[in-house]
Every structure is written in C-alpha cells, then in structure tokens.
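Protein chains in written order, with my numbering: chain A, 6 to 115; chain B, 53 to 297.
Any given hint could turn out to be false.
As the list claims (entries may be wrong) - Under the rule of at most 27 Å between Cα atoms (straight-line distance), these lysine-lysine pairs were calculated in the DSS-like manner:
1. A:Lys10 <-> B:Lys288
2. A:Lys10 <-> B:Lys294
3. B:Lys239 <-> B:Lys294
Said to hold, decoys possible - Interface residues of chain A toward chain B, partial, derived using beta-carbon atoms under 8 Å:
4. Ile30
5. Ile34
6. Tyr35
7. Glu45
8. Glu81
9. Leu85
10. Trp89
Said to hold, decoys possible - Label pairs and their in silico Cβ distance ranges:
11. B:His175 <-> A:Ala23: 37 to 45 Å
12. A:Gly87 <-> B:Lys154: 54 to 62 Å
13. A:Ser53 <-> B:Ile291: 43 to 51 Å
If you're looking for bench data, these hints aren't it; they were derived computationally from the structure. Here the structure is a predicted model, which means the values were calculated and not measured. Glycine included, C-beta positions come from ideal geometry on N, C-alpha and C.
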Amino acid sequence: MLDLKLYMAQRISAMIMAPLVLCHIAVMIYAVQGGLSTAEILGRTQGSVFWFLFYGTFVIAVSVHAAIGLRVIAHEWLRLTGFWLSTLTWVICLVLLFMGARAVVAVTML
Amino acid sequence: MTKPDPLHLDVTIRRSDHDGSRDAHFQVPARDNQTILDVVSWIQQYADPTLSYRFACRVGMCGSCAMMVNGEPRWACRTHVKKVLNGSKVHIAPLRNLPVIKDLVVDMDPFFDKWGQAEGRHHPTQTRDDPVPRIDPEGAQRAEANAGIECINCSVCYAACDTVAGNPEYLGPAALQRAWTVFNDGKNADRQAILDAVSGSSGCHNCHSMGSCTHYCPNDLNPMQAITGLKRETVKAFIRGKSNA
C-alpha cells in the first residue's frame, strides 16, 4: 500500500521535519534559560514571517508524514484497502493540517 | 511433571482438510541423527499414510519441504530434530502466509505469481546468433547478482515475513531478491521495467526492514539487503524523473 510516490513523500517530509525539530528544541532550551514567560515568547513569535514559515512548513511536513505512516498501519492491522484507505489517509492529513494551521496562526499571526 | 521419554519424540502435526484444522499427536522413535523430514516421513510410512507433505531431494537443494517447526519456518530436510526439540516435543505445521491445500502442503501459486509480478525474469540484450557477452565475474555488479543467485525458492523467507502477514499483496522477500539479482545481471536489458514492477503499491517500499527473511533464510542469503538495493535504485530513478510507477 506504499508505492514509490508515497514512499518518497514520507522520506522527503521526514528530511524536512528533522532539522526543524532540532531547531525547535534548541530554541526552546535557549529561550527558557532566562525564564521567558509565555507572553514574552508570543511577543517574539506573533507577527514574525520567519516563525510563520518555520512552523507552517513543519505542520505541512507532519501532516504528510503522519498520514502516510498511519495509512500503512491501517492497511496492515485493520485491512483497509481502496477507497476507505485513501479516504482515511486524506482525513488524517487534513485534520492534522487544520489543527496545526490553527496553532501556527495563533502563535505567529494573532 | 513427567520426564521426557528418551526413546520417543512427542510430535504434534497441524493437519488440515476440507473439514477444517486440528492437531494430531504421534509418538515417533527417536534416533541419534534425525531430521524433521525423517520424522514426518516415519509418520506417513508407519503411523498414518494419509498425512500429506512435500519433499524431493532430501539434501537442501530443491526447496520443496519447508514447513513451520515450533512456530518457525525451516527446511525440514536439513533441520536436525535435536536442535529444535522442546523437551521431547516438536510441533510441525504448514508454512505461514500461504493457503493450505492439505496437512503440510501449501499452495505455492501466490509465491511464484509474485516472482512474475516483480519482473524477476531476463530481458534479453541479444539474440542466439550474437556472441556470448563477456561478464567480469569479479565486478561489483556481478557480485550483487551472485549474492542472491543461490535462492532455492523454498518460501521460508516469505513465511517468515511479518509484512506479508499484514499485507498479503506485498511481493515478499524472495520475489524482490530475484528482481534485484536480475537487475544486476549484465545480460539484462530492461532495468527500468524491473524498477517499475517493484515500485507499485505492493512493491519493495512496503518492506519495514525487520529482517526476518535474512534471519531465517536457510541458505544464508540476505533478501533484506536486496530490497534495500531496490529501494535505493528506485529512489535514484525517481530523482532522475524516470519512474513510471
């Protein structure tokens, strides 16, 4: 249930996620050293195009990566195939994209 | 708790027919040197002639006698009873991941059909009128082809594969290893046809690299490495924009 295009989409999304995760963790460790409050962090991220693109890219990569991974599990463990497997894949992708986009908008735009 | 009887083996065989499946128990004389195939043959010859099983060469070349022994896929003719015995007990069942025809005989059609689906066949470069091409036996490509050439089609790797168990359409380790062998054969003309055949929804990208195929291969081959090679080459073809899958 994983053809070459889905395989490549999952690998490429993983390659995008890896440096973003490391950067996210590094910035968090750095940011809390001085005891930054939530309001102070939001003060730095809101209105920032950089952080919008940073977390926006991460959310897109996660949505693609997780949807394909769960698609494989759904096929092998629930025996879903065809239309229902594709539907599940797209629903997972879109739900993650929606939830992630809400968080990105809240942290970087509002 | 009773002590194991040193003179007899307590053999359980998973038997199947059109009425369903059940375990049958047999007491088989223990010998100093005895294979699982010897045990099954003794039962068929002296205890129950209706027991069905397959074998041909008895020396690990034909690949027809594979079965599950204490839950693990093995070639029966080269599996010594002493190495797998659980006390004095041994459980024998038909190969996993294949439809059972009767008793220890499975339908190998799905296994061999996938060899065809994976394009593990030669795509000739020349006719019989052309001179035989020179192949460097020491070349890196030939070494890759040689690595999987000793496959005896026993289906032990196919029965061991958890991905096949979860995804019955998956081509499986043996067919993919065959595709990788032909892919690396200098006399094979159409490498892209092989890459396209193994790049579909049941192809090599479904492999989770758990390694059961390599662990259980009775000939010590490494199908997982072959599948990794196919993944690598399909990715290269994808990047070059040559993938048709």
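Hint check:
1. A:Lys10 <-> B:Lys288: holds, 13 Å
2. A:Lys10 <-> B:Lys294: Holds. Lys10 (chain A) to Lys294 (chain B) sits at ~12 Å (cutoff 27 Å).
3. B:Lys239 <-> B:Lys294: holds, 21 Å
4. Ile30: Hint violated; Ile30 (chain A) Cβ to chain B Cβ min 27 Å, cut 8 Å.
5. Ile34: violated, 32 Å
6. Tyr35: violated, 35 Å
7. Glu45: With Cβ-Cβ at 44 Å, over 8 Å, it is violated.
8. Glu81: holds, 3 Å
9. Leu85: violated, 11 Å
10. Trp89: Result: violated, 15 Å to nearest chain B Cβ.
11. B:His175 <-> A:Ala23: 37 to 45 Å: Once the Cβ atoms are compared, 39 Å apart, the range 37 to 45 Å for Ala23 (chain A) and His175 (chain B) holds.
12. A:Gly87 <-> B:Lys154: 54 to 62 Å: Between Gly87 (chain A) and Lys154 (chain B), where Cβ atoms are some 33 Å apart, the hint is violated.
13. A:Ser53 <-> B:Ile291: 43 to 51 Å: violated, 34 Å
Of the numbered hints stated above, those contradicted by the structure are hints 4, 5, 6, 7, 9, 10, 12, 13, listed in ascending order.
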